[in-house]
Amino acid sequence: MRPLTDTRVLRPTESALALKLVSEMDLLRLKAIARLHARGMPPDVGWEDLLQEALTRVLTGARRIPKGVAPVAFVAGVMRSLRSEHWRRFGAARRRKDAPGEYRAYRTRELALRDAAPGPERSLMAGEQLTAIERLFANDPVALAILDALGEGLAAGQIRARLALTGTEYDSARKRIRRCLLREGLTCAPD
Amino acid sequence: MRTRLMHAFPETALERILDALEHELAGASDADVLEAADDLGMKPQMKGSAAFLGLRYPSAPHRAEDFFDAQWMLQVLNDPRRIWLASAALPQKPPLPAASRTAARARPARRKSPRPKEPREG
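If you read the protein sequences in the order shown, they are chains A and B.
Per numbering that gives the first Met the number 0, the first sequence starts with residue 0, numbered consecutively.
Per numbering that gives the first Met the number 0, the second sequence starts with residue 0, numbered consecutively.
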């Protein structure tokens, strides 16, 4: 048996590339998406952690890509669910911590009162990130208005109607948003 | 037209915006990615492109603190037994070539500096 000489451990992104799960361009798209999702996480969770964790779950089979679904869209979905999972756990930990002492003795999942409010720290963080996104599009009022409408949960047709944009203007603004996000996503600057 | 992203529930607005932008990025074409990289002066086609920092290469060099507990490291570093073991495992010095060995032998011994005479009593 040949001795094992190459003991370098591949990172999940490298493994995904080697296994042809994703292409190099897909990895760049995923980097941009991970950097975007990391904005919705506390500062101690970096985009690399988020992406490597999502890819690890796919590579280990914890999450299986359904047939007909693009790997990038699927991994992006895993990152989105990781973000939700983080805040769910964070909220549960906060509820347990805030529960009164006597009550804590009886605490179970069933007994604990569910408080769906996000908490002040999360609201503060979200406000800061909205400001950071706003800064990215400071020179593009149309893009900013579209993002504002997206934040209200409006669909494309509703946004166009509200902002009185033609199809071409809307598509052009979306292209500018995409390019700006890709630029921000490919950069190596801190989040 | 509003020019600020002001919302009563910023976390909900952020979630919606991130989800919408995620779809935008997932659907970006290769040409879009290359154009954005070109804006930054990156060439993803080239080996070792900065665009792959954090993907193929770590974006920040790893430090020992990333892997080991700081307290544990201090204990290890301050433990004399471990220091002895570590120094014993160091590779031996290679033997000096013959010429330099003779040169070393030829070197005159250091002369001891004469002790200053102490004044005798009486």
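Because the hints were derived from the structure by calculation, they are not lab data.
Only a predicted model underlies this, so the values are computations on that prediction, with no experimental measurement involved.
Using N, Cα and C, we set each Cβ at its ideal position, and we do this for glycine too.
Among these hints, one or two may not hold up.
Stated by the list, open to error - Computed spacing ranges between beta-carbons, pair by pair: (1) G47/B <-> Q157/A: 41 to 47 Å; (2) R63/A <-> Q70/B: 39 to 45 Å; (3) A69/A <-> Q70/B: 22 to 28 Å.
Stated by the list, open to error - Here's a subset of chain B near chain A, in silico, CB distances under 8 Å, partners left out: (4) D29; (5) D38; (6) V75; (7) P79.
Claimed, not checked - Derived pair list, reagent style DSSO-like, types lysine-lysine, alpha-carbon separation capped at 27 Å: (8) K19/A <-> K42/B; (9) K42/B <-> K66/A; (10) K42/B <-> K174/A; (11) K19/A <-> K66/A.
query = Which of the numbered hints are not met once you compare them with the structure shown?
reply = Hint check: 3, 6, 7, 9 fail, others pass.
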